[in-house]
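Let's have the full structure, built from the sequences with the hints guiding it.
4 protein chains.
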Amino acid sequence: MVGGGQGAFIGAVHRIASRIDDRWELVAGALSSNPERAAASAAELGIAEDRSYGSFEEMAQAEAAREDGIDAVAIVTPNHVHAGPAVAFLEAGINVICDKPLAATPEDGERIAAAVAASKAKFILTHNYTGYPLIRQAREMVARGDLGELRIVQAEYAQDWLTEAPEPGNKQADWRTDPARAGGGGIGDIGTHAYNLLGFVSGLKTSALAADLASFVPGRKVDDNAHILLRFEGGAKGMVWVSQVAPGCENGLRLRLYGDKGGIEWHQENPNVMRYTPFGEPTRLLTRGGAGLGGGAGTDTRIPPGHPEGYLEGFANLYRDAADLIAGENDGALLPGIEAGLEGMWFISACQESSGKDGAWVKK
Amino acid sequence: MVGGGQGAFIGAVHRIASRIDDRWELVAGALSSNPERAAASAAELGIAEDRSYGSFEEMAQAEAAREDGIDAVAIVTPNHVHAGPAVAFLEAGINVICDKPLAATPEDGERIAAAVAASKAKFILTHNYTGYPLIRQAREMVARGDLGELRIVQAEYAQDWLTEAPEPGNKQADWRTDPARAGGGGIGDIGTHAYNLLGFVSGLKTSALAADLASFVPGRKVDDNAHILLRFEGGAKGMVWVSQVAPGCENGLRLRLYGDKGGIEWHQENPNVMRYTPFGEPTRLLTRGGAGLGGGAGTDTRIPPGHPEGYLEGFANLYRDAADLIAGENDGALLPGIEAGLEGMWFISACQESSGKDGAWVKK
Amino acid sequence: MVGGGQGAFIGAVHRIASRIDDRWELVAGALSSNPERAAASAAELGIAEDRSYGSFEEMAQAEAAREDGIDAVAIVTPNHVHAGPAVAFLEAGINVICDKPLAATPEDGERIAAAVAASKAKFILTHNYTGYPLIRQAREMVARGDLGELRIVQAEYAQDWLTEAPEPGNKQADWRTDPARAGGGGIGDIGTHAYNLLGFVSGLKTSALAADLASFVPGRKVDDNAHILLRFEGGAKGMVWVSQVAPGCENGLRLRLYGDKGGIEWHQENPNVMRYTPFGEPTRLLTRGGAGLGGGAGTDTRIPPGHPEGYLEGFANLYRDAADLIAGENDGALLPGIEAGLEGMWFISACQESSGKDGAWVKK
Amino acid sequence: MVGGGQGAFIGAVHRIASRIDDRWELVAGALSSNPERAAASAAELGIAEDRSYGSFEEMAQAEAAREDGIDAVAIVTPNHVHAGPAVAFLEAGINVICDKPLAATPEDGERIAAAVAASKAKFILTHNYTGYPLIRQAREMVARGDLGELRIVQAEYAQDWLTEAPEPGNKQADWRTDPARAGGGGIGDIGTHAYNLLGFVSGLKTSALAADLASFVPGRKVDDNAHILLRFEGGAKGMVWVSQVAPGCENGLRLRLYGDKGGIEWHQENPNVMRYTPFGEPTRLLTRGGAGLGGGAGTDTRIPPGHPEGYLEGFANLYRDAADLIAGENDGALLPGIEAGLEGMWFISACQESSGKDGAWVKK
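Chains as they are written, first to last, in the UniProt record's numbering: chain A, 1 to 364; chain B, 1 to 364; chain C, 1 to 364; chain D, 1 to 364.
Please note that a few of the clues may not be correct.
As the list claims (entries may be wrong) - Straight-line distance between alpha carbons at most 25 Å, and here's what the computed SDA-like set of lysine to any residue pairs gives:
no., chain 1, residue 1, chain 2, residue 2
1, A, K205, B, K363
2, A, K120, A, G328
3, B, K221, A, E233
4, C, K205, C, A48
5, B, K221, A, F279
6, B, K261, D, R275
7, A, K357, B, K363
8, D, K364, D, E110
9, A, K261, A, L204
Keep in mind the hints are simulated off the structure, nothing from the lab.
Have a look at this one:
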């Protein structure tokens, strides 16, 4: 693991997610750019002293050289520190599991893409919401035509934690609201999740985007609210709303898709149920692992329907699938990779470009 | 009543709404442009033969001449037949209660506005959703600052009944999908409701609008889906979604408003409850007439909280308030009138103009 | 109308319900036992002076003698004043629409039953919740076997308005918490509704009942909470919960039925949707007038699905059906009558008897 | 671990729950009474060959004798195989984490209780629903008086998976519907959870119970539906519903508590939100880790509010607290132990006794 030392948030999430199915063990790390914190964090997490590294460069080289070197590295640093380690490990031939978005700048994104292309190692981007069983169910249903031809697709991801300027020293807020380290505000942090999920489920290809970004909190240097219109190849239309200043919204990631034969609605805050309406019939409540769900999504759940799974189990599905992919036991078709990462980078920059041009459509 | 004969829909709704509080009696009508249907409809509804008229012109003159002439006329015809009767009754000095949108064309809208300006009679436009008690509660809360300064406001009105091309001869669908008679598709029929409601509750003034209209159903001549961005004076931003092709949506009119101090969410399909979140505190479920609701909204409800009121009771609040207004017992501040009508006409034409210019912002 | 003068609650509800479909007109009344209040109330309601009576006896005789006498009387007095007017009007040959429960005492109930048996006039008891379209839909579904053989049926009706002792002089609370005038506490006021609804939908015949009544509020002389077990002919089992001291519950009337082929759940506070699960399939959300609802319930609704109807419209269905029944246009099969009333009287006394015997089963 | 070999269900749940916080490692097991299956299961789970035992007796002795012996054993066998291993490990001085209910017979329960009393080892019973953060929040709120004096408490646990007789050979259904191995039907398998949770949150002491058990499915030898009334010391009243034959219910565990100052409602299928109503104020939606939740429950959650946690995370809280208890870092006050186990055994036998006496009250 690179990053994820004391005071970090998403590193701990990755560690739990990787443990749930007992397919991964944390054995090495460069947990912090601060050597003391790195060592202390490693000790806490039971990493042997000789595998706690002072830098990711050192770690990539040393682990590549070991017979029992790591199977993959998890990169859980702030966005502007994704490219460095990603390239280093890919060049060392080590599989990479990288937190999203891909990078803080398009240039960094391209560097990673080049390294992926040049390496035999796998690259997985943790757009973790794709791991929810009902999201995979929705993708299957769209693919097999249950909704007919898609016309309207909408995603939103609304939070309220940045409604006011955060206290100075709030580590999570600090880098997320710093353009240099984050690369984008809400659109990068959560907007890329919403946009990725829309594409994952719908299978649609974006043709153009128009965005109206706002920074409502005085002094904020990145967007904290975004209203976005989408057009897709084939004629479907979309909307995306991203906000970090919507009081009453915690992690309100929602997805809605409507075709000429049916519609689907899903909400992350209660992810074990999905509304599905075949046009002209009553709405069905599909439940995770529940009655009437044929197909592969059944394999993504650990406990009986009605016993809720949550965010961590969805995240764990990515770690389990990554283990399978590396072991050659699946084809990784459900795992977001470099293409998803580049798509996300395009999304961020297209939003910024469109908003800078007063909401003009930016074509892809 | 003008319109509302056999086979009509909204006329019957107006009649029920007017009866609920026993403030109105239906005594005269020009119920259909077809004289036989007009007479038959009048007989069914208990209108005396001599007050069943063959045309609205005739009715306006005759009723104006009677000592016991009508207190007001309800105009419930298709959109392109609003201006004629509205002007005729206004000129005759008779109060007008007109269904929305104001008219099928901007020119017609202006004609009505001129007649309103020249008449002492009142003009009320039945944007009936403003009659829901919790909508009035929301308006009060915004006005007194419970949400702080508004930043983000969103409305949506989604239906699915036009997902497929309707059977020929479906009277409701026929005129609503005919540009000449309707003046707009979904944006006119239901979009004006959503847009009106947003303004009614938020009190915000629109400064510009950008729209992406679509006609998904082959052969359809009007919009059946609209994705709309809004900007308001003072800096707030908005989104509106209007659709008649979203399977699973019946009359999904929703409103969401977020300020720097709190947020509100309301959904017409369960209108007796509203989510209200003061920032940093748990969400409250405000119920119609329920605990903790100070202020005037309490007067708009007839039965105890927990006993649901619905669409008809909300509509009835407009008829009751109209009776009070005409009787001089209230100032009509809550009743949509000609300004709301003109605003709706601007909304329709601005959506069409923006969409015609590839989504460029249309300023107001 | 008998009762329903100034300060009354349910009388106004009856008046609105009767107006909604324009089948009734209020033309006569004995609105209060207080002559001045009776006269003032009548004037307010537009009743002609000569048809505002000082007593129900007088009204029954006078109206029976008129050529244009009333078609039916609505009795909306406190429970202990049901039997007097009901018998008087039945004996005068005038149809009776009586609020529930049937009476304050079993003896009074029997008197009414005898009068019904001896009269050609109709007797309708306003268990108004039976008028909700989805309740009638549920009854149809049970009757045609959609749920298979019923095993478990449950009803609850929970309120919180009597959580604390009411202020002295609260007219609604006063008589409802007085054993002499009410005949029962929560079990009479709302328990009979829940019990009636269970039987209306399920079609089951009760064989025995066991009850645990409580009066939680110090000084209260009637029950304010009841936990009740039921057994039915054929082996089904039931539970009923009735409470007026459950904070957070407004008018929480819920119904749940489970058979060997499916289950149904319905909640009065959002009455336009019902959950229906065919065993082994996903749950369906059936909506009032919505997709997939065959059968007669479609005739009980006035506006399109997604536009909510509520308590008053359900109540209005009883008034409309009563008009049809009196006009000979329906058979009254859906209208609660004297049998439902006697069943409710049995329910009240069986609850009291069982609770007095420490919850022993009381057979029917 | 004792039990939990191939084909088992709850063993895998325990393993995941123990891994989530990285406080436990599975190093030894007697995973099946079938030696071959035991060995194969151990190999799959990475247990060293010399610590895969053929019987629990052998394991208890061997592990007690090792310097690096296990810190605790998890017993995840069918109910009738709880007492044997529990006593063996307790006598060997090894801490026991035992699945619920305590045992299949009262005698077995007493044996375990005696062994607990005689041992220094800890005994933890995995009533896992007590681990949900909002359940602990509710317990805190009741304890500090937010609800006032409790009057009405209700729990229900409804499933539908046994609506029809299961296929022969369904391992989970087989032993759960065999009186000899299960000791009770639904009341033991899920009723004890509901009853335990009611006591955990309310803090009330049961004084008496009356039950009406049913076995609806032809040929079933244990209860599959139970309607239960409760009385508590101090005067509060309760109801419990337990069913495995309620179509549409997956794992419908719900809790409702009402006092003279407020009420609470919680539903396991969406466990991250709880309704709380202070009497006379609007209902609050409390969310896991969300706004306005003071107190200790905040420590029981791993990810931000709005990111759902589920069944496994709640279960994991018990494993984490057990680790702390064994390490001397907490007092185990929130961990169900032998008293909870005996209380559950009383519940089962009192239900059976009462039902056998036609629902007579069984005192405690």
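Going through the hints against the structure:
1. K205/A with K363/B: 31 Å, violated
2. K120/A with G328/A: The hint holds at about 13 Å.
3. K221/B with E233/A: 22 Å, holds
4. K205/C with A48/C: 46 Å, violated
5. K221/B with F279/A: Distance of about 22 Å is within 25 Å: holds.
6. K261/B with R275/D: 22 Å, holds
7. K357/A with K363/B: 16 Å, holds
8. K364/D with E110/D: 16 Å, holds
9. K261/A with L204/A: Within the cut-off at roughly 17 Å; holds.
Against the hints set out earlier in the document, violations occur for numbers 1 and 4.
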